[in-house]
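Q: Residue-level listing of the chains:
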Amino acid sequence: MKRKEYAWAYLFISAPILGFLLFAFIPLSYSVYVSFTEYSGYQAPVFTGTANYVKLAMDDELFWKTLFNTFYSALSIPIGMAVALGIAMALNQKVRGIRFFRTMFFLPTISSVIALTLLWKWIFNDSYGLLNYLLELIGVQGPAWLSSETWAMPAMIIQGVWAGLGINMVLYLAALQGVPKSFHEAAEIDGASRWQRFVRITIPCISPTTLYILITATITALQDFPRFQIMTEGGPNYSTTTIVYYLFQNAFRYMSMGYASAMAWALGLLILAITLLNFWLSRRWVHYD
Amino acid sequence: MSNAAIARSARQRRKRAGEQVRQAFAYLFLTAGSLVMAIPFLWMLSTSLKEQGREFEMPPKWIPEVFEWQNYVFVLTEADILKGFLNTLLVISLPCLIGLFTSALAANAFARMDFPAKNVLFTLLLATMMIPGVVTMIPTFILFKHIGWIDSWLPLMVPGMFGAAAAVFLLRQFFMTIPKELEEAAKVDGMNPLHIFLRIMLPLSKPAVITQGLLGFLAGYNDFLGPLIYINTPEKFTLQLVLASFQGFYTSQWTYIMAGSVLALIPSLLLFFFAQRYFVEGITLTGMKG
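For the protein sequence lines, the chains are A and B, in the order given. Following the numbering used here, the numbering of the first sequence begins with 1 at its first residue and continues without gaps. Following the numbering used here, the numbering of the second sequence begins with 1 at its first residue and continues without gaps.
These are calculated hints, taken from the structure and not from any lab test. Take these hints with a grain of salt, some might be off.
[Claimed, not checked] If the Cβ cut is set under 10 Å, some of the chain A residues that face chain B in the computed set are: (1) Trp8; (2) Ile17; (3) Ile26; (4) Lys55; (5) Ala57; (6) Tyr133; (7) Leu134; (8) Ile138; (9) Ile201; (10) Ile219; (11) Ile243; (12) Tyr254; (13) Met257; (14) Tyr288.
As the structure is a computational prediction, the values presented were derived from the model and not from experiment. Just so it is clear, CB atoms sit at the ideal spot from N, CA and C, and this is done for glycine as well.
Could you put together the complete structure from these sequences and hints?
A: See below:
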């Protein structure tokens, strides 16, 4: 009887477990090996020891530049989180038309990244784009956004914040609605100002959501690249080449699969380290119930 | 009225006035924000309806004198948006349905059944969500290259059919909230676990299943990296690849590029408007349980 139920259960979970083995575990293990080889994808991999990792650390300036670019682009996370929290707090003021506003902020979240990126490429166009036209209306001469080494990355950050608001806003709104009213009322009776209540009650109560957004957004941002490929093709002068874009080029354009795998592992471990660091630091500022 | 009562009512009035000011600010802020969100989309629509070349007129006309619907006709037929759309549907429909089913089956087992090594296996599955996609990208490509699947739709279709860890996780959360009594009664009646799943659990979990289905469908529809890596032949391009290729084909022909973008957005917008509740709930749930 029991054994029969076990059999059913194993049958039920067999597909995802098999999927895990085929598309996660085996590729992952193989990738460790490939990262220690030279491999074009055509001939068999040639073991080269730690050569790829040494090259990564010592001889590849572009790798470090793209790593820097990636972190630079991740500035969109704190900015986006602050704006999303502001919107969520405004929505939480018992406003009418909440559904309409929520939809407006949410639209980019469901939209095709490619379509949105093409749209913003047109908006950032230095002579005929919407942004510089609007800036001109208020008397500002806009920069040549995407063809300027200085302004290309800020442009990507602006677009990233705009496109990413929806999810964070929805998450923050749900968190704000979960803050017990009695906390605010009690603090108000004790004479706490609005700002004090925000800092002492709201922020701690929504801190688990902040941590969740921070972690998932970091993992996503560190691997971001289609946006960059469409908008700038990594330029000008590699100023917007992110690490995964560079990795992609190495793997599928120059067919250096071994080197690209080493890069993937370096990034993977970096992501893991940052995630663990986030969790570790969170003990100081995240409050559960 | 006593002095205390007067003071109290004055305080309440002040409080109400303060609330009104705050609400006014909230509306102002939200309206400004909504404009920032909407204007780019309107600009997209406006450009897509302009005559070739008119998009460079300064100052720009928001409403073109003549609506150039020809842009859409061209983009749909000559520029293969329609073909890309059909390809995308072919690629994602089946994996989406099968993947939903296999995820739900596994979620059911993890939520309602008892078996050895259950927790280990569940943790293992959850761990896959933590693996950055970039690490498995290259070895998976090598795997598919070995079995000759490059430049076919199979690498985009087959993995999804095995279910997704995130969907297993969220559906499990939902299944755990369903009362056990129904299941017990069915067991006494001699129903086997598959029957119980199909006849009881699945119908009771419709909203959660629909949410996961929609999220999966949308993710597949918007996927760009997968097709970019695996598909080379233009005839097999999915919608996102076709759209991305516009840049090369129609350099600076923004009317075409924007018309294509508008068309690419329509299916997801329709899906969203008819099922907004499911999306918002699904995403909130992900955040809350994460």
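Q: Now tell me, hint by hint, if it's right for this structure.
A: To see whether the hints hold, each was checked on the structure:
1. Trp8: Where the cut-off is 10 Å and the nearest Cβ of chain B is about 4 Å from tryptophan 8 of chain A, the hint holds.
2. Ile17: OK, holds: isoleucine 17 of chain A within 10 Å of chain B, min 6 Å.
3. Ile26: With a closest approach of 8 Å, the isoleucine 26 of chain A hint holds.
4. Lys55: Violated, because the Cβ-Cβ distance from lysine 55 of chain A to chain B comes to roughly 17 Å (cut-off 10 Å).
5. Ala57: violated, 18 Å
6. Tyr133: This hint holds: tyrosine 133 of chain A lies near chain B, its Cβ roughly 6 Å from the closest one there, short of 10 Å.
7. Leu134: Where the cut-off is 10 Å and the nearest Cβ of chain B is about 9 Å from leucine 134 of chain A, the hint holds.
8. Ile138: Given a least distance of 14 Å, the restraint on isoleucine 138 of chain A is violated.
9. Ile201: Violated, about 17 Å.
10. Ile219: holds, 6 Å
11. Ile243: It holds, given that the least Cβ distance between isoleucine 243 of chain A and chain B is near 9 Å, below 10 Å.
12. Tyr254: violated, 13 Å
13. Met257: holds, 6 Å
14. Tyr288: violated, 12 Å
Violated hints for the displayed structure, listed by number in ascending order: 4, 5, 8, 9, 12 and 14.
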